[in-house]
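> Chain by chain, the residues:
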Amino acid sequence: MVKQGSKRVKPKNIGFNIFNYTFLTVLTLLCLYPILYVVFASVSDPHELMNYRGLLLKPLGFTLSGYKLVFKDNSIWLAFKNTGIYVGLGTAINMIMTVMGAYTLSRRDLLWKGPIMIIITITMFFGGGLIPWFLLMKKIGLYNNVWAMLLPTAINTWNMIILRTGFQSVPKELEEAAIVDGASQAKILVQVILPLSKAVLAVIFLYYLVGNWNSWFNAMVLLKDRALYPLQLILKETLVANDSAASAVGSAGGVAIDSVQGSTAYRELVKYCVIVVATLPIMVVYPFLQKYFVKGVYVGSIKG
Amino acid sequence: MGKNKDRQKKTKEKRFTKAAIKKDFKKNYFAYLLIIPVLLWYIIFCYGPMWGISIGFKDFKPLLGFSKSKWVGLKYFKEFFTGPYFFRTVKNTFLLNIWGLVFGFTAPIILSLFLNEVRNKHFKKVVQTITYMPHFISIVVICGMIHLFTQSGGIITQVVDFITGTEHSSLLGFAGMFRPIYTFSGIWQNIGWDSIIYLSAMSSIDPGLYEAAEIDGAGRFKRMWHVTLPQIRPTIIILFIFAVGGLMGSSHEKIILLYNPLTYTTADVIATYIYRRGLQEASYGFATAVGLVSSVVNFILLWITNKVAKKYSEVSIW
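Line by line, the protein sequences give chains A and B.
Heads up: the first sequence runs through residues 1 to 304, numbered per our numbering.
Heads up: the second sequence runs through residues 305 to 622, numbered per our numbering.
If you are wondering where the hints come from, they were derived from the structure by calculation, not from laboratory data.
Being a predicted model, the structure only gives us computed values, none of them experimental.
Among the hints, a few may not be true.
Covered stretches of chain A (in silico footprint by chain B; criterion: 3 or more residues with CB under 8 Å from a CB of chain B, positions within the stretch not fixed) [stated by the list, open to error]: (1) 120 to 129; (2) 134 to 144; (3) 210 to 222.
Every residue, glycine too, gets a C-beta built ideally from N, C-alpha and C.
Using the sequences provided together with the hints, build the complete structure.
Spelled out as structure tokens, the structure:
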């Protein structure tokens, strides 16, 4: 690859390169533009925004009133807090359970590994379906409480397999040396395997983190009490619900919005603002963590 | 994989003796201790619901509970197969997935082919960083954006208005627009991310193959077509098996966030039908029966595709 890069570009490749770079640039701009549009719109003057036609290439005027409305709303803060709890505790449970499973599956000389693997693999192809799952959750008390957000998603089989692959790549000799030193299995896991698998641990940690942050369906199905709603569910009500009266932020702005036209405009503005607020945390850290995310796909593809 | 199974079978006969089991437990008790909660989780959360599939054969009354509800045999299955929504939901599920297969499956392959030809590392990095980004936006936000962009006067609506020359109200109210909106927003979200796996397969192609092609006078397009594409064929086939295996199943999450009664004729798939009948109307038995039908069909499809792939290309998932 490097060798080719240093070669002089031949005339017949110039046409290709022009096409290729143009194609990719257009595609990249198409991917980026919807995100930019939302950001521009979120700080635009709501009345101008409503009547504007055509592409938005910069904010129309500048106002932070949309963000003020969003942050004034208590349900957003409460939802942020709930999401924080679900993501924090949920990811911790995810990591503990996944490490335990991956450790056992990575052992080379386990007599019962075959049967255990079969039990786990079957669940990747068969399931009970939504309704039996829902009825079971209700029956065992995972309904309308914090645990309903934490336990049903405790393990993701793909992530466990990725981590197992990572554990397996720890050199056998290091473990054997630790055994000679008289270390227990638990000590080997904590002091040898985990420190040497930091990169893969980071990968699945991020996968779980993003998954927990973005999850909404379980919350919609298993939570009844609005005080327990995570951010994504409040977002759903604000952005997607057809019945705007039920929308939390949209109607509870609290600011004196005089005309009907005006309130609609502000409701629109608030939508753009909540999108930015809810997506910003992940977008800000994403470029720095990109290599870890990508690595997960590489590791996963070896086995998949 | 096949070899692996044979080896397991052989060693199993030798290894599962009383003495061996005892010795193994003594040596690996820590590993077995750790797997207990994990297996318990699988039994409760994955196998528990499987046990509940029998609800599909019962007139399930939550008050009577699971075991006391009356058996009704195949009543719900008959009801589904002869009901008015059988054809609609099956057709919609199938067509939505065909759209996904034709556009959504090929798009990342095309992107990775062109990206692989880029020699400027910085440019490549920028393209990758930006195209991966939408993958991390939550599905609720994605659908929120779609609602905003496709409402009357929204940016996508304006484009459609311009092309068709007529003014539309919200595009999500048109049954004919649902499949394109669903499919192309999916491509926007995942084209970059899904291309990673192909790029990783391409990075292990022997550079000698390209040099040989160049000596034969092949241009960049030809090298793409005759070298890169055949080299990543196994990866494509594996992913294709999974895609076809999921042909009759689809995630309800995004559809629930995008559809409405106006678009049920094209948007209502088996999974959303189950959700509506089961969770919104509490027809537990009926919805469970429909779910069972769909997962059986899915598995058969996966099995057939895998079999076909094995026969023609020696690549398979098991």
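> Determine for every hint whether it applies to the structure shown.
Each hint, compared with the structure:
| no. | hint | verdict |
| --- | --- | --- |
| 1 | 120 to 129 | holds (count 7) |
| 2 | 134 to 144 | holds (count 5) |
| 3 | 210 to 222 | holds (count 6) |
Hint violations for this structure: none, all hints satisfied.
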